[in-house]
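From first to last, the protein sequence lines stand for chains A and C. If you read the first sequence in the numbering used here, its first letter stands for residue 3, the second for the next number, and so on. If you read the second sequence in the numbering used here, its first letter stands for residue 3, the second for the next number, and so on.
In short, the hints are calculated from the structure, not lab data. Any given hint could be a false lead.
Since the list gives no way to pick one copy over another, a pair counts as held whenever it fits inside one copy or between any two copies.
[What the hints assert, rightly or not] Dumping the calculated DSSO-like pairs for lysine-lysine here, alpha-carbon to alpha-carbon at most 30 Å:
1) Lys-103 <-> Lys-92
2) Lys-338 <-> Lys-179
3) Lys-312 <-> Lys-338
4) Lys-179 <-> Lys-312
2 protein chains.
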Amino acid sequence: MPPPHRFLEACARRPVDRLPVWMMRQAGRYQPSYRAVRQQVGFLELCRSPELIAQVTCAPIDEFGFDAAILFSDILVHLPAMGLDLTFEKGEKGKGDGGPKIANPVRTRADVDALKVPVPTRDLRYVLDGIRAINAGLNGRVPLIGFVGGPFTVASYVVEGGSQGFTRLKTMLYADKAAAHALFEKLTQAAIVQIEEQVAAGAHAAQVFESWLGELDREDLEEFAFPYLARIAAALKKTGVPSIFFGTGLSGHLERIATLGFDVISVDWRIPIDEARRRVPGLAVQGNLDSTVMLSSAEASVKKALGICKAAGPAPGYIFNLGHGIQVGTPPENVKAVVDAVHAFRW
Amino acid sequence: MPPPHRFLEACARRPVDRLPVWMMRQAGRYQPSYRAVRQQVGFLELCRSPELIAQVTCAPIDEFGFDAAILFSDILVHLPAMGLDLTFEKGEKGKGDGGPKIANPVRTRADVDALKVPVPTRDLRYVLDGIRAINAGLNGRVPLIGFVGGPFTVASYVVEGGSQGFTRLKTMLYADKAAAHALFEKLTQAAIVQIEEQVAAGAHAAQVFESWLGELDREDLEEFAFPYLARIAAALKKTGVPSIFFGTGLSGHLERIATLGFDVISVDWRIPIDEARRRVPGLAVQGNLDSTVMLSSAEASVKKALGICKAAGPAPGYIFNLGHGIQVGTPPENVKAVVDAVHAFRW
Chain A
3 MPPPHRFLEA CARRPVDRLP VWMMRQAGRY QPSYRAVRQQ VGFLELCRSP
53 ELIAQVTCAP IDEFGFDAAI LFSDILVHLP AMGLDLTFEK GEKGKGDGGP
103 KIANPVRTRA DVDALKVPVP TRDLRYVLDG IRAINAGLNG RVPLIGFVGG
153 PFTVASYVVE GGSQGFTRLK TMLYADKAAA HALFEKLTQA AIVQIEEQVA
203 AGAHAAQVFE SWLGELDRED LEEFAFPYLA RIAAALKKTG VPSIFFGTGL
253 SGHLERIATL GFDVISVDWR IPIDEARRRV PGLAVQGNLD STVMLSSAEA
303 SVKKALGICK AAGPAPGYIF NLGHGIQVGT PPENVKAVVD AVHAFRW
Chain C
3 MPPPHRFLEA CARRPVDRLP VWMMRQAGRY QPSYRAVRQQ VGFLELCRSP
53 ELIAQVTCAP IDEFGFDAAI LFSDILVHLP AMGLDLTFEK GEKGKGDGGP
103 KIANPVRTRA DVDALKVPVP TRDLRYVLDG IRAINAGLNG RVPLIGFVGG
153 PFTVASYVVE GGSQGFTRLK TMLYADKAAA HALFEKLTQA AIVQIEEQVA
203 AGAHAAQVFE SWLGELDRED LEEFAFPYLA RIAAALKKTG VPSIFFGTGL
253 SGHLERIATL GFDVISVDWR IPIDEARRRV PGLAVQGNLD STVMLSSAEA
303 SVKKALGICK AAGPAPGYIF NLGHGIQVGT PPENVKAVVD AVHAFRW
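With the rest of the complex left out, here is chain A:
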């Protein structure tokens, strides 16, 4: 890849020729090309095929001109290697790729102790081969973002057995603190080894998806989440690639999150982007279009996107993205219109 690339430059808060843009879930069910692949294979089957990973990861770069590719995978893909029986049901509401189910969820200290930390070069070889295949396909056009799930978010699925809320996990925090810490420790180790190997295989940046962290109050964040996230950030720093923290519902905690050691904070749409940037002056900021607007018209989508570009301000270190993933049913032409409008935006 010929440096400098505007996405990586923005991560480092260096000036760029135009605003970089990528979108969470940019490879997904809203694309006819993705749906065609999924008519042939199930979700986990897709995640386990390096060739198909490369195909669906590269497709949105060709189709929409995004400035970064993101590894097609799932934040739970390592759970079978940890000893958990993971499946994906078809077509669960909202997710589009079916909701995760874990037949043997973690409920006790003994369940936690039985979890194995995966060895990615052995257990997740298809991910690493996928990264190599993606980079071959991209041929240096855009950087590739690797990712892992944050310990709290992964734990919520592991303990609840699926997308069933947070009550069991939160109850564990209060009723068996030691078991909760042991679980977060294992999930942190699993996150670190995965992201290290993704970078070794060729990822140029890494995002930590701590999507549901906004469920915790500050006291619990300090005890059960921030120390683990700081370790993941430190491990990422050693790899030398830029690190992105993503969460939702965290507008009350931005200044503190800025101290964890990540290079970029990705914010949801629940805070104006200018206020977010003011509150984390030492970091790059990514976000924050409400993806729901793209379900309506290209005109409404572009209007809102340009408002965000303008509010983000001219200071280097802003990456256009959504506040959460692209929704199923989004017309691809609305996505294209937003990418083009962000690229055309000038100060």
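We have chain A; now place chain C onto it with these hints.
Frame of chain A, contents of chain C only:
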């Protein structure tokens, strides 16, 4: 009621003898006494009986010693008078009282135009009679809080037809702005006439439940929510009773919400209470215990509650409450332990 009462004093940011405490959904399925009533009658039947309203509203005052009663009713109770066919299903997840269903949801401008603004003295007489019966039962021991739903939150049920997310409503905002404004206008008028009549019937304070407002970004809040909420706050100011604004997921907007005209802001658990108080210095603040902790032990609940009391600081104008409602399955002894601990707390 012999003034001054500590709940009303705290709303006015005057010094109190001890911290006032009440809890959202303090009358509900976690109580054996409430479950006994609900074995006899359905949810809407209960909401329509002044005698039963008074019974279930007063029960938690007797059982736990809360410093305020809150009218037992529902934010959707006026919808049949507006022309909507409202029912409650039994035992939907999380709600405990069953999820609302609207057989004829509002989807078009014509649907909006057909909505009638209710006349509370005619259509919601049972609520007003209920308020009089509650005050007779309370006999001045504690003040009574009336309430309405905020226009956006009520609209989400009205447009989606139940608790089914926000996609249809948000799509209406972008695709048919005029219809959305017409809907919010009708719901604002409905909120104002209800709350005025509740105060006339004897409510000593009023809370606006705008529970799902955190779904909107600032631009949409400014266009579709804040102007309507400011009108409701102004109407409440004229009645002379303290007004409380409640929402969740709004940590990114507190300073702006503080300008709407409410006397008290109720915050969820997604911001430390000391930071919330610092950010809205001119208002009283209510909150912000994560109700999930009360599903575990009295010890863990009290520890977290006392941490909040301490963080809230000694300045007048703090009311202890939850970040959202009491959850089904909460042991009543945990609720009692928290109330007692807050009352025993001293600076």
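Worksheet entry | Homo-oligomer pair classification [Lys-312, Lys-179; C-alpha up to 30 Å] | The answer is between: 23 Å across copies meets 30 Å, while 45 Å in one copy does not.
Item to complete: Classify it for me, Lys-103 with Lys-92: is the Cα-Cα distance of at most 30 Å met within a copy, between copies, both or neither?
Response: both (11 Å within a copy, 26 Å between copies)
Worksheet item: From the Cα coordinates, with 30 Å as the cut-off, is the pair Lys-338 and Lys-179 best called within, between, both, or neither?
Response: between (47 Å within a copy, 24 Å between copies)
Discussion item. Reference check for the pair Lys-312 and Lys-338, CA-CA at most 30 Å: within, between, both, or neither?
Written reply: within (19 Å within a copy, 51 Å between copies)
Consistency note: the structure conflicts with none of the earlier hints.
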